[in-house]
Amino acid sequence: MILLASAVAALVLGGLGAAVFGRTQRQAAAWGAGAAVLGSLLGLLALPGPLLRATTLTHASPWSVPFGSILLVLDPLSAVFLLATFVLAPVAAWYGASYLRTYERRRPGLPWLFYDLLIASIVVVLVARNGVLFLVAWEAMTLASFFLVTFEDERAEVRRAGWTYLVAAHLGTAFLMLFFAWLAALTGSFDFAAAPGAAALAGSQGWLFALALVGFGTKAGLVPLHVWLPEAHPAAPSHVSVVMSGVMIATGVYGILRAILLLGPLPGAWGLALIVIGAVTGIVGALYALAQGDLKRLLAYSSVENMGIVLLGIGAGVLGAAHGSAAIAALGFGAALLHVLNHALFKGLLFLGAGSVRHAAGTLALDRLGGLAHRMPGTAAMFLLGSAAIIALPPLNGFAGEFPAYLAGLRAAAELPPGGRWGGLLLVVALATTGGLAIVAFVKAAGMAFLGRPRSDGARAAREVEPGLVRPLYVLAAGCVLLGLAPWLGAWAVSAAAASLAGQPATPLLDAARTLGVVAPVLVAVIVAGVLARAWLMRRRRQAVADTWACGYDAPLPRAQYTASSLVAPLTALVPAALRAGVQHVRAPAGYFPAGGRVRAEAGDAFEQRVYRASFLRLRQAAERLRLVQHGRVQWYLLYIFAALLVLLLVEFGRAR
Amino acid sequence: MNAATLLPPLLGLAAAPLFSGLIAKLKARAVGRQGPPLLQGYRDLARLLRKGAVYSRDTTWVFRAGPLLSAVAGAFALFLIPAAGLTAPVAFAGDFLLLAYLLALGRVFTVLAALDTGSSFEGMGASRELLVSTLAEPALFLVLLVLVTQAGELSLSAALAPGAGAHALDAAAPLALAAAALVLLLLAENARVPVDDPTTHLELTMIHEVMVLDHGGPDLALIEYGGALKLWAFAALLVGVALSPAEWHPAVEAGAFLAGMAAVAALVALIESSMARLRLTRVPQFVVVASVLAGFSLLLSFV
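Residue numbers (the working numbering), protein chains in the order written: chain A, 1 to 657; chain B, 1 to 303.
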């Protein structure tokens, strides 16, 4: 625990140091990124015990805040999420040290202060076991990330994204406050140690879990609570998007799992409900991802989709536990935790790659990119590897994570009584559908940005970014390969946590990972053999270079290429109208001598446009009725005060008599 | 691992081009033509393998990786499919997931290789391939789900073991529906009529062929060979499903497998020679029918 405490201290002090002493970009990065690296190393040292030997570390001391206490517990579940944090944070900071230098800022230390505070508050969220302390850390996490999201606040859309994020986050937090207060009312203490279990909660268990699901689900970006995510993640600088997508939204998943531990075994119906929510989140997220024209928005929607996959795993876990099948429970919870770790790695890799694309080509619009594989080969190779990992192609880590999720669903479909069977069935079909759609999204992302010919001057002028922006990608890519070739490593890391959730040792998870651990290296060996055989075959062969064959036409322009939108047009045409929310900005040619027109199309979010915008509009209309009493005339306000005092006086008189 | 289990996959590696040749021959005969020699596929491969290659200046390593990975994935897939009454050499709980994702691996890199050329024709093919495969993915999983839930086993080798489908008479209906869905998937995933036409010569109407316009020489050989392997894999899976209710002497199983493969070739040839290809806008419906069939099959096996 002392290691974790010093990690948090290092992060906070380093962040303050960056803000106070960071006069130049270089100084600020040295303080800020240095603290992130140091703190993460310290933190990593604390994890082997809880991860591998399932030990639990506790620290308790009083706190002067009402109902609060400094109760910190490091158990296997916290340790899994801390592992993702401490791996991602230093790599992202390393990238950020070079990346932020491309921005001219008056106060270069501030982004680092908020970055380090964000990491520190995530760490505290993950170990806090007192409701008040948890909420304070949760709020600190929200605020720190808000200031990072609004880093480029001179752009109107960034300010809008910031506001959306702030409102959404606080609506979520409101549900969490209710959750913790209700729990405290039942147990008499805000400390989680006094968690009552299912029996004592009786009727309120379902309501409590629903509150937790909405509160934490907002952070995790579950559909339809996801609308803030595709706004906020692309707005932040790329190394911050990495932390937000890889770790911060995972704290929502952590919260849901923690709630499951606190509230005791949930009935099977909740397992089904979680699978349904996961299926909707996965499929809607993937559909929106493939429709996006902006690389970072595509990645943000893909985060929504991946949280859906995680939720499918959790649902299978709850279902298995409710039906007394420890094997299904271990596979489901284990798959969810594995996918959190894997997602941190490949989504981190992809967001960093997107940052480099924007830095090099000046845009993230897929219709204006292309041909970057020639111009920035290192970044391109890593982005392709990350794409292959996220669409679960063997032998990479994405497949190793989805494999146990499928197994959980299949075993549920084959072994459980009817209610559970349908859950398993839905899980498998939803996972396969999500996977198919994700393939389209990432073929589009990787293919349109990096392959083909450049579609704009910016893309044509792009050059490979500096080594400080490429090497961090190698680290994350190595992680993706390692956890793919040795899936038992990941399974091993999450097995203690999965066991604590399933109530049984996670043997089925480890078995599945061990099987894959044999098959994956064989597959790699076969691929390597194929590459060598091809090289042998092609030695001393005549290999000419020519233009792409354009079916007889010999002057094809890059603009004649298929675009990102046309690539997915046949699929988006099949999307139900209720989900379609494309926006077109048209400036038609006008006059007798038209000077040209413009059409700009973007894929909107139906939930944002039809649900949220409408209800907030109604809220505003309702609020405007209040103008009747609030109109800015001081005399009237004085009258209100006088009237209020009079009423109070009368009430008091009445009571005295 | 029994060494004999290696025989069916090795046979597949050797005979896959022959299988494609058999379809072409039968198809030609069905319309009264002579057709190419049965071994034409091998001759084409040998000729292509001797050639050099021309690469577009716009392509990268992805363009070269596409054919290789699709062939490797197809070859590896054969080792996951049980055939001729034997278990597959690689069999474990959830092995068919690896099968499905291996096919995806080959497909993704074929599509990426097409996008790598920057050609609008190949982009068009890539787009259509993505459409078909995205819709086919859930259908394939539904079929596999039927097989697995029918047998209560999570490995293809166990689910398709001789006699595995025989435990109840009412397994026949779901299995028949699953087999029908698999036939549709075989046609859709292997770019056959009525989804795509392997012999068409108009780029605007192609799906698979237009994606590989720029490949030549050994790369094209790998693509042709990978395509043949994938077709063999689907056919072997279909034969496995069809024969799973029976339990015979090993020699009879082997004979039945070969006869089954020939029957699949005849079926494909018959479909191809008696149907025109569908309009592109109708293709999604065709693939969705496969999902619906598999879905009904699943419902039947559940209730």
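What the hints contain is simulated information worked out from the structure, not anything from laboratory work. Here a beta-carbon is modelled for each residue, glycine too, at the ideal position from N, C-alpha and C. Some clues are possibly wrong.
To be verified - With the C-beta cut set under 8 Å, the calculated list includes, among others, these residues of chain B facing chain A:
1) R57
2) D58
3) G94
4) L98
Hints, verified against the model:
The criterion of a C-beta within 8 Å of any C-beta in chain A is met by R57 of chain B, whose closest approach is roughly 5 Å, and the hint holds. Evaluation of the D58 of chain B hint against chain A yields a held restraint, the C-beta minimum of about 5 Å falling below 8 Å. Interface hint at G94 of chain B: satisfied, since its Cβ lies 5 Å from the closest Cβ of chain A, which is below the 8 Å cut-off. Residue-level restraint check for L98 of chain B holds (minimum Cβ-Cβ distance to chain A is 6 Å; threshold 8 Å).
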